[in-house]
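Going down the list, the protein sequences come from chains C and E. Okay, so the first sequence: first residue is 1 according to this note's numbering, each after it adds one. Okay, so the second sequence: first residue is 318 according to this note's numbering, each after it adds one.
Think of the hints as simulated: they come from the structure by calculation, not from any bench. Among these hints, one or two may not hold up.
[Claimed, not checked] Below are the SDA-like pairs computed for lysine to any residue, each with C-alpha atoms no more than 25 Å apart in a straight line:
(1) Lys-341(E) - Pro-311(C)
(2) Lys-64(C) - Glu-10(C)
(3) Lys-341(E) - Glu-162(C)
(4) Lys-341(E) - Arg-165(C)
(5) Lys-372(E) - Pro-311(C)
(6) Lys-246(C) - Thr-307(C)
(7) Lys-372(E) - Gly-150(C)
(8) Lys-341(E) - Gln-11(C)
(9) Lys-404(E) - Ala-370(E)
(10) Lys-341(E) - Thr-307(C)
(11) Lys-155(C) - Val-114(C)
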Amino acid sequence: MFNSKKFIKEQTSYIKDLVTGNVISGLSGGVDSTTATIMVHKAIGKKLLCVLVDTGLMRKEEIKLNTAYLKKLGLRLVVIDAQKQFFRELKGVTDPEKKRKIIGKVFIQVFDKVAKQHKAQYLVQGTIAPDWIESGGGLRDTIKSHHNVGGLPKKMGLKLIEPLRDLYKDEVRMVGKAIGLPAAIYQRQPFPGPGLAIRVLGEVTPQRVAVVREACAIVETEIEAAVKNKLITKPWQYFAVLLPVKAVGVHGDIRAYNDIVVIRSVETLDGMSATYSRLPHDLLEAISVKITNHLKDDVSRVVYDVTNKPPGTVEYE
Amino acid sequence: MVDNGGQWTHRIWRVVRDLGYETKIIDNTTPVAELDADALIFSGGAPRISWEAPKLGNCTDYLEHFEGPILGHCVGHQLIALYHGGKAGPADVPEFGLMKIRVIKDDPIFKGIPKTFTVWESHNDEVKSAPDFAILAESDNCKIQAFKHNKKPHYGFQFHPEVNNTEYGDTLIKNFIELA
Numbered sequence: 001m002f003n004s005k006k007f008i009k010e011q012t013s014y015i016k017d018l019v020t021g022n023v024i025s026g027l028s029g030g031v032d033s034t035t036a037t038i039m040v041h042k043a044i045g046k047k048l049l050c051v052l053v054d055t056g057l058m059r060k061e062e063i064k065l066n067t068a069y070l071k072k073l074g075l076r077l078v079v080i081d082a083q084k085q086f087f088r089e090l091k092g093v094t095d096p097e098k099k100r101k102i103i104g105k106v107f108i109q110v111f112d113k114v115a116k117q118h119k120a121q122y123l124v125q126g127t128i129a130p131d132w133i134e135s136g137g138g139l140r141d142t143i144k145s146h147h148n149v150g151g152l153p154k155k156m157g158l159k160l161i162e163p164l165r166d167l168y169k170d171e172v173r174m175v176g177k178a179i180g181l182p183a184a185i186y187q188r189q190p191f192p193g194p195g196l197a198i199r200v201l202g203e204v205t206p207q208r209v210a211v212v213r214e215a216c217a218i219v220e221t222e223i224e225a226a227v228k229n230k231l232i233t234k235p236w237q238y239f240a241v242l243l244p245v246k247a248v249g250v251h252g253d254i255r256a257y258n259d260i261v262v263i264r265s266v267e268t269l270d271g272m273s274a275t276y277s278r279l280p281h282d283l284l285e286a287i288s289v290k291i292t293n294h295l296k297d298d299v300s301r302v303v304y305d306v307t308n309k310p311p312g313t314v315e316y317e
Numbered sequence: 318m319v320d321n322g323g324q325w326t327h328r329i330w331r332v333v334r335d336l337g338y339e340t341k342i343i344d345n346t347t348p349v350a351e352l353d354a355d356a357l358i359f360s361g362g363a364p365r366i367s368w369e370a371p372k373l374g375n376c377t378d379y380l381e382h383f384e385g386p387i388l389g390h391c392v393g394h395q396l397i398a399l400y401h402g403g404k405a406g407p408a409d410v411p412e413f414g415l416m417k418i419r420v421i422k423d424d425p426i427f428k429g430i431p432k433t434f435t436v437w438e439s440h441n442d443e444v445k446s447a448p449d450f451a452i453l454a455e456s457d458n459c460k461i462q463a464f465k466h467n468k469k470p471h472y473g474f475q476f477h478p479e480v481n482n483t484e485y486g487d488t489l490i491k492n493f494i495e496l497a
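The shape of chain C in the complex, shown without the other chains (with noise of 0.2 Å):
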């Protein structure tokens, strides 16, 4: 059986020894880039740099509740607002290949200038399994390019830190308790490296971002207060996925023409497999009539998605 504690004075030696200079690290606050960044500071103290990308693609007020609670682990942290830079290099892309390599791409011209700025030879990256399984390589088939592994460039001046590796979720938060993380943090739901650009299908423009990121709060809410309700148990991942394709609609009387939302809620140990979540009807009910009561002029039909994995996959690019 693994053994975190063990796994964790392993690794936090090997880090120990390994690194000369400083270091920084890519983390966005979700459970495996904080639980990564949190064995790199253990080992390594203040000469770790803590990079936050505001990629614009994160989820609501997502920022700000992942600065206060990563400062408040003790942790030095930069914040760096790359919307711009994410949005442009986006604009007009459409393939969910192409989109998530410009985002590793990106990612790392961010993280390359803060590294020169803190003389830094070493990026931490919270990198688990499934990222280097499913980014291929090799006899394996890439089925989709992780922006952490398959969406970098192919010529690295940074050496890569990932001590999650060869861990899966599950293990991954047994790290986290282990190392004594809040269980707000280790227990968080999976966010993938490249946001809310894989939720909007087609096209990714600041306004269907916005769109996808109501309808995923709006998920994330109701979800939550059925589970604080004990009518359900906490899904593994729930989330809303904005489609490029249109539906019609009657609003008061008027014809209405807009986008299709699907909500996405998933059960399963280690994302590797999955099943679709049994949300109860009148829970996918409410979800749906707040989606599209609240995003009137953009969403005018909210679905349910009932595919497993495989033959899908848990995010949809």
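Take the given structure of chain C and dock chain E to it, following the hints.
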């Protein structure tokens, strides 16, 4: 664990480790002389059995020269059929995700497992015929879901016991390892 480029190779490694056995993932190009194992598991992978079998590296060599038990998953299962004179090719009905299988012949590998159970599948190809094998399990769409060679300790599963959603997956892998 012989890696044939599967999405779940590392999952097999994890299940075997969690069962408390020593385990290691090796490339399928590892020379047979360098094998240091009591048993081998061939992972599944992206290669299509009819026209990409060379991508399965030295797996055929292992079947020829490795003396211990071998278990093939998915494309590994299909290769074992081919090696022993069976046939494999594109499935009439490919299966992805949830499927029910039925055990049709008793075998120690199914020890402690009910006659029907849910498995996770992910295959475009299938075994068409396996004359020198005992066929152990089937699904509605695929008649050769599990087999065992009549003489050699070679087993094959078309489905994926290593996937967390497969019922009794850990037991199946444990049963196989205990044969070694």
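Under the criterion that the straight-line Cα-Cα distance not exceed 25 Å, is the pair Lys-372(E), Pro-311(C) satisfied? 23 Å, holds
> Does Val-114(C) lie within 25 Å of Lys-155(C) when you go C-alpha to C-alpha?
Replying inline: 17 Å, holds
Straight-line Cα separation of Lys-372(E) and Gly-150(C) no greater than 25 Å? The hint holds at about 22 Å.
Q: With a cut-off of 25 Å on the C-alpha distance, tell me whether Lys-404(E) and Ala-370(E) pass.
A: This hinted pair holds, its Cα atoms lying about 13 Å apart.
*Can the restraint linking Lys-341(E) and Gln-11(C) be considered satisfied, given a maximum Cα separation of 25 Å?*
19 Å, holds
Under the criterion that the straight-line Cα-Cα distance not exceed 25 Å, is the pair Lys-341(E), Arg-165(C) satisfied?
-> 16 Å, holds
Given the hint that Lys-341(E) pairs with Pro-311(C), does the C-alpha gap stay at or below 25 Å? 28 Å, violated
| message | Need the status of pair Lys-64(C), Glu-10(C): alpha-carbon distance at most 25 Å? | response | 33 Å, violated
Quick one, are Lys-341(E) and Glu-162(C) close enough, alpha carbons at most 25 Å?
At roughly 20 Å apart (the allowed maximum being 25 Å), Glu-162(C) and Lys-341(E) satisfy the hint.
(Q) Holds or violated: Lys-246(C) and Thr-307(C), Cα atoms, limit 25 Å. (A) 21 Å, holds
Straight-line alpha-carbon gap Lys-341(E) to Thr-307(C), limit 25 Å: The given pair, whose Cα atoms are some 33 Å apart, is violated under the 25 Å limit.
Comparing the model with each earlier hint shows violations of hints 1, 2, 10; every other hint is respected.
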